[in-house]
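542 is the number that our numbering gives to position 542 of the sequence shown; each next residue is one higher, with no gaps.
Careful, some of the hints might be misleading.
[Stated by the list, open to error] Have a look at the derived ranges for each label pair, beta carbon to beta carbon:
| # | residue 1 | residue 2 | range |
| --- | --- | --- | --- |
| 1 | L522 | E346 | 50 to 56 Å |
| 2 | E509 | K421 | 34 to 40 Å |
| 3 | D504 | E427 | 47 to 53 Å |
| 4 | D208 | L85 | 42 to 48 Å |
No wet-lab data here; the hints were simulated from the structure. Every residue gets a Cβ at the ideal spot worked out from N, C-alpha and C, and that includes glycine.
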Amino acid sequence: MSNKFLYYVKKLKFPFALVSFILSVVGSIQVYHGQFDNLLKEFVVIIYSVIKLFTFFPTESVLKNSPLAYELATWMAPITTVLGLFTVFRNLYSDSIMAIRHLNKDRLIVLGANKESLIFIKNTLSQYPKKRIVCLVDFEEEVDSDILKLLQVQLVRIDYSNPEAEVNRLVVKDEKLYKGKKIVSFEKEPKVYYHVQVLSKLLEEYKDIDVYIRTETYRVKEIVEESMDKIKNFNINYFNINDLMTNNFLQEFNINNTNGLKASWKGKKFDTLEDIANQVSRSNILFIGYSNIVNHVLSSLSNISVTNPLKSTKVTIIDEDVYKKFDEFMDYKTRLKSVLDYELIEIRKKSRKIEDIFLEKSKEEAFNAIFFCDEDDYTNLINMDRIEKYIRNLSVAVYSAENSDIDTIYETMKSKIAGLKIFGNIENIINHDVIINETQLEKAKKFNAYYNLITAEMMGYEKSDKSLQQQWKSLSNIKKESSWNQSLHQNTKRLLLSKFSELDEFKDENILSLWKSKLENLTVDEQVDVIENDIYMNYMTSLEHKRWNNFYYMRDFVYDEIKDESNKKHDCLIDNWDDFMSSKQRPKAIYDFISTLALEEE
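Please build the complete structure, drawing on both the sequences and the hints.
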């Protein structure tokens, strides 16, 4: 009720004040015009009368009959003054409450005040109402301070153009920015990297500040990350909103439901790695429509959908401008053909040919998942309607940036397509728990620590006495990304292990414990021999190697006999598994297998 009242007060305050002023002037003129011979005297009296009306002391008695305009002004003018005072005191009250409420609390610092920043602030305060948030902006940045004040968010300005200015040091001290243990930025690239570097110098006396930077273009981040890694007082984490949204969605979406993995493996017998690969088959995914989100889905699929070490995930993309769009995606990915087996088909949007193409390609190799990814919701729905009767038993995903726009039709289509899912609304992703307390990030940290522990046990190394956080912070950015991707692939490995457990040779066995026991107290060469001679261990090891290769290929690494990560060269990027196992890199196969043993931690 009070919020509604305040809304109307704010909305009507200006027109009410304008009418009050007009009535005060008109009423005063009607009362005093012609009473003085001196025009200057008359003008001064009228102005004085207007002022007195707004200060609760009209020059004419309320008991005296006066013109209607003056009578109305007698009441409206002082009410206007009260509303003005109310606004002033309300701002002072809000500032005081904010200062008291946030007294001595750690600050969450948000860089910039763009749309994404405000969404993050609102969502965070919804999750944690008592969280103290400081919005840090450039001196020259235009900001809607009313919204921030309404959210009880402190607005602080820094002169980024003159980082050595004394005023910046004073702002850090006076606003206690050093109490900001976490910094989140949604600012645009590349200026965000400069702003973070400026802040690191202003806060150089304070250590272990976690910084989360939103990236837009992977290549820009690659260019600057080497210099960003040199900032020692900041623990820098990068995130891309669409990547977070896509990975979260694909973890729940049934992307690896190939016929070979859906079928029962009870009673089956495999003699070679190739036999297992043929049974597993591979994911075959169709994209109809090509918006920017497709690039993020493809990047995630290059990791999550790796179920077969001998065959790459099959991807077919249909769009009216598919070659140009895919060419842009291929930039800085010279070995993409080693990652994805892709086919591009160019036809106009909403074409009737979509049905014919779907039927033709399904005969060649059955699809197990379909993505409708045009920017336009209507186009996605028309395309889905074209082939709806053929996809009722498949995993189907529809991209919609505003899910609510198609909720009604979605419910109707879901009654026909059981596996239908909608994804694309980033507002649910831009919040504290996803970006700062990100579940997958925590899983990646745990995976990295447990991987290190298993490695130490298997290789006879000394176990690290560093904490989980310290081990993570010691990694370079690309090593963090590698661990992140490994942890994202764990569910895929679990799926394969669950199929192995259906086989007679693993009946009543804990597969991971069995495998670990086979490798205990052996040299590395002996361990690799055991792995190579066990088709199931060999399958999981070659699978991880395939996934690992994909990770580096997607970052435009190439094979070279001499490892040089700064120039994107790696000596382990050997695609053929037999060639790898017969090369001088053979002993490193144990590291690929350890990623499977790390499943034991969960």
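Here's how the hints hold up against the structure:
| no. | hint | result |
| --- | --- | --- |
| 1 | L522 / E346: 50 to 56 Å | holds, 54 Å |
| 2 | E509 / K421: 34 to 40 Å | holds, 35 Å |
| 3 | D504 / E427: 47 to 53 Å | holds, 50 Å |
| 4 | D208 / L85: 42 to 48 Å | holds, 47 Å |
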